[in-house]
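**Student:** Sequence:
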Amino acid sequence: MPLAEIPLCVWRTRSQGFTFRGQSIRYWTAGQGEPLLLLHGFPTASWDWHYLWAPLTQRFRVVACDMLGFGDSAKPADHDYSLLEQADLQQALLAHLHIDRPVHLLAHDYGGSVAQELLARHHERRLEVASCVFLNSGLFPESCRVLLVQKLLLSRLGWLVGRSFGRDDLVRNVTQIYGPCTHPSESALDDYWSLIASNRGPRILHKLVSFLPERRVQRERWVAALQRPGVPLRFINGAVDPLSGAHMVERYREIVPDPDTVVLQGIGHYPHTEAPVQVLRHYLAFREQPMSYVPLKVAWS
Numbered sequence: 001m002p003l004a005e006i007p008l009c010v011w012r013t014r015s016q017g018f019t020f021r022g023q024s025i026r027y028w029t030a031g032q033g034e035p036l037l038l039l040h041g042f043p044t045a046s047w048d049w050h051y052l053w054a055p056l057t058q059r060f061r062v063v064a065c066d067m068l069g070f071g072d073s074a075k076p077a078d079h080d081y082s083l084l085e086q087a088d089l090q091q092a093l094l095a096h097l098h099i100d101r102p103v104h105l106l107a108h109d110y111g112g113s114v115a116q117e118l119l120a121r122h123h124e125r126r127l128e129v130a131s132c133v134f135l136n137s138g139l140f141p142e143s144c145r146v147l148l149v150q151k152l153l154l155s156r157l158g159w160l161v162g163r164s165f166g167r168d169d170l171v172r173n174v175t176q177i178y179g180p181c182t183h184p185s186e187s188a189l190d191d192y193w194s195l196i197a198s199n200r201g202p203r204i205l206h207k208l209v210s211f212l213p214e215r216r217v218q219r220e221r222w223v224a225a226l227q228r229p230g231v232p233l234r235f236i237n238g239a240v241d242p243l244s245g246a247h248m249v250e251r252y253r254e255i256v257p258d259p260d261t262v263v264l265q266g267i268g269h270y271p272h273t274e275a276p277v278q279v280l281r282h283y284l285a286f287r288e289q290p291m292s293y294v295p296l297k298v299a300w301s
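Going letter by letter, the sequence shown gives residues 1 to 301 in the UniProt record's numbering.
Rather than coming from a laboratory, the hints here were simulated on the basis of the structure. Take the hints with a grain of salt, since some may be wrong.
Ranges between beta-carbon positions, derived for each pair [to be verified]: (1) SER164 <-> GLU288: 46 to 56 Å; (2) ASP78 <-> GLN32: 16 to 26 Å; (3) ALA77 <-> ARG251: 34 to 44 Å.
Cβ coordinates follow ideal geometry from the N, Cα and C atoms, glycine included.
Please build the complete structure, drawing on both the sequences and the hints.
**Tutor:** This is the structure in C-alpha cells:
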C-alpha cells in the first residue's frame, strides 16, 4: 500500500520555532519512544520526509528541522553557511527539546554530511548516536558527482546564477536525478519550489553550495567516523542516482568495514519520496535487528 502524503500546506501548520544564534528555525516533532533525528538534503527541506513521517512517529519520537538557509527557516544573506554549524544546530534543537538520550539518525544527501559530523562527535564523546542510516549521500568526496548548476554556483558568478535560478531550472535539474519512472508531479515541484523560494532563498544558493568543498576538507575525519565500530550503520541507496547512486555504494563497500547496504533498483536521488514504502521497510528492518551499539559516557551540556 502507498503511504499517505502530508500536503505542504498542512505540514507548514504543524511547524514550531526556536531561535538558533539569533536566527529563526522551523522544526517538527511528534511521537514517543527513542529519539529519531531526520536530516534533509540540498536544496530542499524537511518536507522531504512527509511520506515517512506518520509511520515513523507511530514507533519513535521523531524530530526534524529545516536547516539554516533551507525551507521555512531563516536564510540570512550575509551568512557563511557550514555543515559544522548545521551539526551545531541539530544539537541545539535536541537540547531545546530536552532530549538527552542516545539519538538515531536518518539522513539524506546534504544531511548525510551533517550526520557524518555528528558521528565524528559521537566518537569524540560530544554526543551519543545510537544508529545511523544514510540515503543517497555524498559520503566520499572522491566519488561525488555534481550537477552543472552546482559547479556554476561555486564559480565567481555563483551569486548571479543563484539569483536567476527559477522553477524551470529546478525542474530541469530534478529530472536528471530522479529515477526514470519516479519523477515528481507538477504539484510536488511547485511545493519544492515554494520551499526553495521561501525567505528569498535563491539569493543564497551560491553560499549553501559551499558544502561541496567543505566535504573535501573534512573527508578524513568523516570517513574515519564511518570506519570506527560502536554505531550500527546502513546505507539505503537509489541505484540510478547520477550523483551518489550505485557508484557510491560500491565505494562504501570498499571503505566501510562489514558494510550493510540496500540497493533500490530503478530509484534515483530521493528514495524516500520515490520509493517510501521500500525505504520504510528497510529502515524498520534495520531497527528491528539486534544492535551492536556500545553506550558512551557523554558530558551533556
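**Student:** Go ahead and decide if the range 34 to 44 Å is satisfied by the Cβ distance of ALA77 to ARG251.
**Tutor:** 36 Å, holds
**Student:** Does the beta carbon distance between SER164 and GLU288 stay inside 46 to 56 Å, or does it fall outside?
**Tutor:** 48 Å, holds
**Student:** Given the hint of 16 to 26 Å, is the C-beta distance from ASP78 to GLN32 inside that range or not?
**Tutor:** Violated, since ASP78 and GLN32 (Cβ atoms, about 40 Å apart) do not stay within the stated range.
When held up to the earlier numbered hints, the structure conflicts with hint 2 and nothing else.
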